[in-house]
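Work out the full structure, taking the sequences as your base and the hints as a guide.
Position 40 of the sequence shown, counted from 1, bears residue number 40 in the UniProt record's numbering, the numbering being contiguous throughout.
Simulated from the structure, these hints should not be mistaken for lab results. Backbone N, C-alpha and C fix where the C-beta goes; we use that ideal spot for every residue, glycine too. Hints may be right or wrong, so weigh each one.
Said to hold, decoys possible - Simulated restraints, written as ranges between beta carbons of each label pair:
1) PRO94 with ALA38: 28 to 38 Å
2) ARG48 with LEU79: 14 to 24 Å
3) PRO8 with VAL92: 43 to 53 Å
4) PRO94 with ARG48: 32 to 42 Å
5) MET6 with ARG61: 39 to 49 Å
6) PRO83 with MET6: 10 to 20 Å
7) HIS99 with ASP64: 20 to 30 Å
8) SER26 with ARG61: 13 to 23 Å
9) ALA75 with ASN35: 41 to 51 Å
10) ALA38 with LYS91: 16 to 26 Å
11) ALA38 with ILE9: 47 to 57 Å
12) ALA38 with THR65: 19 to 29 Å
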Amino acid sequence: MLRNGMRPIHPGEILREEFLVPLAMSVNALALALNVPATRLHEIVKERRGITADTAYRLARYFDTSPEFWLNLQAAYDLKTLPTRSEIDRKVEPRERTHA
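In structure tokens, the structure reads:
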């Protein structure tokens, strides 16, 4: 959970709810269109797998978005769900900046 109270959103949820559901499109149909194994997309929409650069490019090409859109969703999710974030914050001090 974030400080603002919002839960992290997996890119698979976005793919499922904002792209597949409105189009009444199955995961298998999308897998065929993207020329990828259906298991890859099933794992993504079930939020068990992340989006790689390859998948991001294919989704972007098919849905007329950008690969960065998909990769940014994944990066944001990864940062928000980083299990050791508080531990890293305790162990790593920010570098002191020197003024030139």
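CB-CB spacing for VAL92 and PRO8 relative to the 43 to 53 Å hint: 22 Å, violated
Range agreement (Cβ of ASN35 with Cβ of ALA75, hint 41 to 51 Å): Once the Cβ atoms are compared, 25 Å apart, the range 41 to 51 Å for ASN35 and ALA75 is violated.
Cβ distance range 39 to 49 Å for MET6 and ARG61, holds or violated: 30 Å, violated
ALA38 paired with THR65, Cβ distance criterion 19 to 29 Å: With a Cβ separation near 21 Å, ALA38 and THR65 satisfy 19 to 29 Å, so the hint holds.
Beta-carbon spacing of ALA38 to LYS91 - inside the hinted bounds 16 to 26 Å or not: 41 Å Cβ-Cβ, so the 16 to 26 Å window is violated.
Pairwise beta carbon distance, PRO94 to ARG48, judged against the given window 32 to 42 Å: 34 Å, holds
Distance restraint evaluation - HIS99, ASP64, Cβ atoms, bounds 20 to 30 Å: Violated, since HIS99 and ASP64 (Cβ atoms, about 47 Å apart) do not stay within the stated range.
Range hint 10 to 20 Å (beta carbons of PRO83 and MET6) holds or violated: 18 Å, holds
Pairwise beta carbon distance, PRO94 to ALA38, judged against the given window 28 to 38 Å: 45 Å, violated
Outcome of range test on Cβ distance (ARG48, LEU79; 14 to 24 Å): 19 Å, holds
Range hint compliance [Cβ, ALA38 to ILE9, 47 to 57 Å]: 23 Å, violated
13 to 23 Å as the expected CB spacing between ARG61 and SER26, which holds or is violated: The hint (13 to 23 Å, Cβ to Cβ) holds, given that SER26 and ARG61 are roughly 19 Å apart.
Consistency with the previously given hints fails for numbers 1, 3, 5, 7, 9, 10 and 11, ordered from lowest to highest.
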